[in-house]
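Quick mapping for you: the protein sequence lines, in order, are chains A and B. Reminder that position 23 of the first sequence reads as 29 in my numbering, one-by-one numbering, no gaps. Reminder that position 213 of the second sequence reads as 214 in my numbering, one-by-one numbering, no gaps.
Just so you know, these hints were derived from the structure itself, not from any lab. A couple of the hints might just be wrong.
Subject to a maximum C-alpha distance of 27 Å in a straight line, what follows is the list of computed DSSO-like cross-link-like pairs (lysine-lysine) [said to hold, decoys possible]:
hint, chain 1, residue 1, chain 2, residue 2
1, A, Lys12, B, Lys148
2, A, Lys342, B, Lys148
3, A, Lys12, B, Lys132
4, B, Lys172, B, Lys132
5, B, Lys253, A, Lys23
6, A, Lys355, B, Lys148
7, A, Lys12, A, Lys23
8, B, Lys109, B, Lys132
9, B, Lys109, B, Lys72
10, B, Lys13, B, Lys72
11, A, Lys342, A, Lys23
12, A, Lys355, A, Lys23
13, B, Lys172, B, Lys109
14, B, Lys148, B, Lys72
15, B, Lys148, A, Lys23
16, A, Lys355, A, Lys342
17, A, Lys342, A, Lys12
Which bits of chain A does chain B cover? Going by a derived footprint, with three or more residues having C-beta under 8 Å, they are [stated by the list, open to error]:
hint, stretch
18, 193-206
19, 216-226
Quantities reported herein were computed from a predicted structural model and do not represent experimental measurements. In this text, a Cβ means the ideal position worked out from N, Cα and C, and glycines have one as well.
Spelled out, the chains give:
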Amino acid sequence: MRIVFKTDYMQDIRPWKDGHQLVLYLILLAVVAAAPWWLDDFYLGELTNVLIWAIAGLGLMVLTGYTGQVSLGHAAFLAFGCYANVILLEAGVPFLIAFPLAGILTGIAGVTVAIPALRLHGIYLAIFTMALSILMDDVIVLAEPITGGVGGKFIGGVDIFGLTIDRWGTPVHFFWLVLVVAVLVTLGFINLLRAPLGRSFIAVRDSEVSAQAMGVDIARTKMISFALSCAVTGWAGALMGMFSGAFNNETFSVVISIQLLMMIVIGGLGSIHGAFLGAIIVGFLPQFLSISKEYVGALFGGNTVAIPGLEFGIFGMILIAFILFEPMGMYGRWLKIRTWFELFPFYRKDMFKRQKSYLKTERLR
Amino acid sequence: MSLLAFQNVTLKFGGLTAVNDLSFSVEEGEVFAIVGPNGAGKSTVFNLISRFYDPIAGSIRFDGHDLLQVKPSGVAAYGVARTFQNIELFEHATVLQNLLVGRHRHRKTNLISEVLFLPSARRQELENREKVEEIIDFLDLQAYRDKMISGLPYGVRKVVEVARALATEPKLLLLDEPASGLSVEETSDLRWWIDDIRRQMGITVLMVEHDMGLVSGVSDRVLAMADGAMLALGTPAEVQSHPAVVEAYLGKAS
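Throw the hints in and build the complete structure from the sequences for me.
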């Protein structure tokens, strides 16, 4: 077990615990950045997809994991970001301006939505935002002149300083674009969490009364949280649109919203790691299922019959298992495993008990 | 001029009068205690100061400001900090983070400088740490600084709440039943701390407390309340022997 002695205030302020941890994360980043050399195009595409989901997850994590506001409507903001990006690109705006702007516009849309949502808590907020998600579908159909309606829109490659970025033509470039966005969003998130604003999010989540008594303006904090969350989600949406190449009103359905929320619950609410771990599950599950179906088919001599709803069925079961046995998500499980090794042989079974019971009852108030 | 002044404050919840025409003032530098039987309206007085309720009549002034003009989140900015009867800490955060939230009213950075963590944000964080570490030293919380609140024992949580209030660098500290649920030893610690808060830090303390030992030990003046109205106001000894107070607690001799 490494024990870090604190001798300097900066040790608490900077994002990494010590040099050891920093090196580990840099190695991880280097390995991921080098993925084009050790993965073929198919799996590189899958990895890109996982990273895009992770960005969307980070967006929702700000709102749900840190500010405690449940949203089942984030597919609407994914759609907003996606359409904003494409419409701006079609209007001739260069990608380097259109992309950030798409996120900012989504953030503004998020604030507009947040104003009536400020008084809602827990399940009521979830229903309200879910309605948004359903509404967005109709709005896209109705606003056909702008959005292309049911026919949808298509997006090809974009240029950054003459470098073509195309999901199909140059998947490697697209992967790096997504990686850069993911890293920047993560860094921004980390910075926020070690600054007063991030702490006021946590304060609002855990106790609104005492946050208020400490001088935190609840309405304003929730609004900023909505804005940041939606902006990041908008960027994820823009990338999702570029990833799929074509989309219409049904691409960002309410199912995507639910999937997104489930993703961060499985990953672990209230942690940055949770967004990434959840994205790995959600992103790889369909592929994992189709691959394992082939094996199972070969094993029992049957052919590979498509079972309708299999993916959602398994997803649902995984979710139920997590809520029952590990409400802190994959990151919580990882923390326990790590603590077990660090403290070996002194780990006690109930070490994380109190946090667990707290998460079960009060988080989604 | 007094630091905090209640003038003819009345608060009603429907037909129930929670606070009835209450007037009192707290002078700078004193320890002022409010006592009274359950339901007397003591905590309601605190919640009025925190602006959780709007009185239907009267005025509350603090340090030259009309408190009724500000939002609940604006009260802290004037220098009022409080603790809660049923501990309201940020459960899923560390002790250090809880105290740092207390520094929120001193925030000078904005969203952009925090997301980019510019040197100004870094400087502010260092200043915050310095102040928070002073308070951790003052209340002997060193052993718990990186612990999650959800895993802490009750007595420690009580102290953390006081620490978080002190981290705001208040002029007036409101303590809502600081000794409830504490052991005898912890209560006597608390007594010295309240004394030190007043003497060393120069903070005025207003507290609601049932433990008469603590009240008479630290407070300069005591306000006794019953049914939302004032019964008696004076030194601890005067209030304890006041016939109306004795009657409120023990009933009339028949």
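Going back to the hint list, which numbers does this structure go against?
5 and 14
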